[in-house]
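The hints should help you fit chain B onto chain A, whose structure is shown.
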Amino acid sequence: MAGMIAIVVTLLLVLLLARPTGLYMAKAYDYNPSGLDRVYGPLEKLIYAIGGIHQENQTWKRYAATLVISNSVMILLVYLVFRTQAYLPLNPAGIANMDPSLAFNTAISFMTNTNLQHYSGESGLSYLSQMIAIVFMMFTAPATALAAVFAFMRGLAGKPLGNFFVDMTRAITRVLLPIAFVTALIFIAQGVPQTLEPAAVAQTIQGGEQTIARGPMGSFLSIKELGNNGGGFMGVNSAHPFENPNAISNLIQILLMMLLTTSLPFAYGKMVGNAKQGRVLFVSMAMLFIVLLGVSLTAENAGNPALNAMGIQHEQGSMEGKEVRFGVAQSSLYSVVTTASETGAVNAMHDTLTPIGGMITIANMMLNTAFGGVGAGFMNVLMYAIIGVFLSGLMVGRTPEFLGKKIEGKEMKLIAVTMLVSPFLILVPTAIALFSYPDTLSNPGFHGLTQAMYEFTSSAANNGSGFEGLGDNTLFWNITTGIVMFLGRYFSIVALLAVAGSLAAKKTVPETTGTFRTDTGLFAIVFLAAVLIVGALTFFPSLVLGPIAEQLTLKP
Amino acid sequence: MKVLASSLRISLLFMALCGLGYNLAVTGMAQILFPEQADGSLVQDDDGTVIGSRLIGQLFSESEFFHGRISSIEYQADGSGSPNYAPSHPELMERVTASVEEWKMNNPEVSVRDLPIDLLTNSASGLDPDISPEAARAQIPRISRLTGMEPQQLERLVQEQTSQRTFGFLGEPAVNVLQLNIELQRLLAR
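Residue numbers (the working numbering), protein chains in the order written: chain A, 1 to 556; chain B, 1 to 190.
Isolated chain A, as found in the complex (with noise of 0.2 angstroms):
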């Protein structure tokens, strides 16, 4: 009981911090002057000198080539740093040099905004190399995705896309360095360290020694929350009592991670001058949330039937990969906003989950569509809306329109070869991994495919959460999923830019009682259908291979 009023009471605190931010957003992106520009201007015009920036607008073309060469730049840099962190300072745990195959992962991982990690900080990464390479990452990344969304939004509103450096700096300077900076403070109240010292050791009751790891953590996990970008400084994550230390920290860790995902649609309703558009996207995603949120919750509940029909006491659910503070109830929300914001941070083990409760959490990233990460999700949660409104058009037989523009053959073929992409980057590596690297996978039977297509579904959504159980540093998994996350990254922004392109080119044709109006609940209803059908036909039966077939064979 007491479980569900905190659930209750965290969406609401969800619910009513997403429109203010949200209009805050369309702001600090409006290009006209506004009262933002006295307090930031002077910070940005200071970047845009020493970057050589000129805030000129770009071509679609233009935007995608800038921001796909200076996240490029920048995995090169990271993966410099990850290589040479032996001889660099602020190392006092004296951390090697990472492996090749590894930096390779690790840097397109943190550019990405996937933040798989196929390494333990504790033991992988000096204070150095998580401070200029992770966090920095963590920054730039969530401000490429919001970079490109406002883009697209621009494109969609038959405005220039703008500049990328102008977008990505802004993010930066007005959204979250600001933000990251307040709340990693109440993270560090709450009993998160931030230190630069060496582990401490501790000379135990039982007359042991205990070597206890920690590090400058309150700054790095805001920025990971905030941008949904969900790498752990510690090798468990925010299930590590130092990097979610209590109920508050948790809920500010979910409040965090939904904040800029639930406000983009209100932005967008701002940006392109239809309000109403942008709520019923948000009520779709939000309604798709409530009901995979309460299924995870059922499932986790009721437990492992195989471990309660031994006659112990189970009234607290499925504990095996939980934390006590937490239980099963925060547990089970926080599984389902990681991977319905595609964040990835946990604060239960999701190899662990019952099957149905870890079935939730990878069809939220396969759907990519209750909210998504920062930018890249709402970007896709658009593309299936256009591709609602072509359904319908199909089915009344007329020219579809979005926002006034005629949605025609160029759009449709760049968004039907995008929609292919993600069960292309997840169900073809995951067979090969099956095939080729069984070893590697640490569950027998179905949970053993469910681990492998976690791991492939997790890269192409930029989610970054693993199945831990799976042997993944090896040169197989790291290569995979390097390339995996790179084109489940890049292949949709710049898909999607040349839609917003070639959308902001076309005139707008003027609306008539035949237009089909897309802010209506039945527009809802296209929109959730689309969603589901193409979700559904694409992944189900791989679904049923392995979480549901794994369900099954719990008996007692």
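In case anyone wonders, no lab produced these hints; they're calculated from the structure. The beta-carbon is built from N, C-alpha and C at its ideal position, and this holds for glycine as well. It cannot be assumed that every hint is accurate.
[As the list claims (entries may be wrong)] Which residues of chain A face chain B? A partial, calculated answer using Cβ under 8 angstroms:
#, residue
1, Phe-136
2, Ala-157
3, Met-234
4, Ile-248
5, Phe-326
6, Asp-351
7, Gly-469
8, Asn-473
9, Ile-548
10, Glu-550
[Stated by the list, open to error] Cut-off 30 angstroms, straight-line C-alpha distance, at most; resulting in silico cross-link-like pairs (DSBU-like, lysine-lysine):
#, chain 1, residue 1, chain 2, residue 2
11, B, Lys-2, A, Lys-159
12, B, Lys-104, A, Lys-555
13, A, Lys-45, B, Lys-104
[To be verified] Covered stretches of chain B, going by a simulated chain A footprint (3 or more residues, C-beta under 8 angstroms):
#, region
14, 31-39
15, 46-56
16, 87-97
17, 103-115
18, 126-134
Chain B in isolation, oriented as in the chain A frame:
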């Protein structure tokens, strides 16, 4: 070419601003405002020796202490982790069966029906500092028998060390095992 140069310059700039500047600024502020938390909430004994962290679980294997949750890494806090057993993993079943047998041997007073599941399951981090209040209570008969302390006195101790849900609804009630054992030792010393 110009894009490449700008990319390199702005990347290095953000590396300095977000990578170094931001982290160091927060570290400085934290060390001034919350030095105790920032250093890891360390617990010291009366001589000032560090004996653990309030937030990090510690290994208690001797029978006269309250035990924490199962940890495959035995609470070694230079790392973190769990075996990641799926519900259908055969080794999970074997481990739980063995734990139940061990419980029956060491706690003949308490029936398996009253054995809470958090004592039979591996935590997510392997460093969980807490157990449920029920899990602490289930260990009272054993500790009373081994230390000679009155069960009522131990009951009171568990009650004092139980932290309730925040605001009455957030999180779960929990007992910090390290604090509980420190207080237990203090009582025994008297």
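Under the constraints set out in the numbered hints, which ones does this structure not fulfil? The structure conflicts with hints 2, 8, 9 and 13, although it agrees with all the remaining ones.
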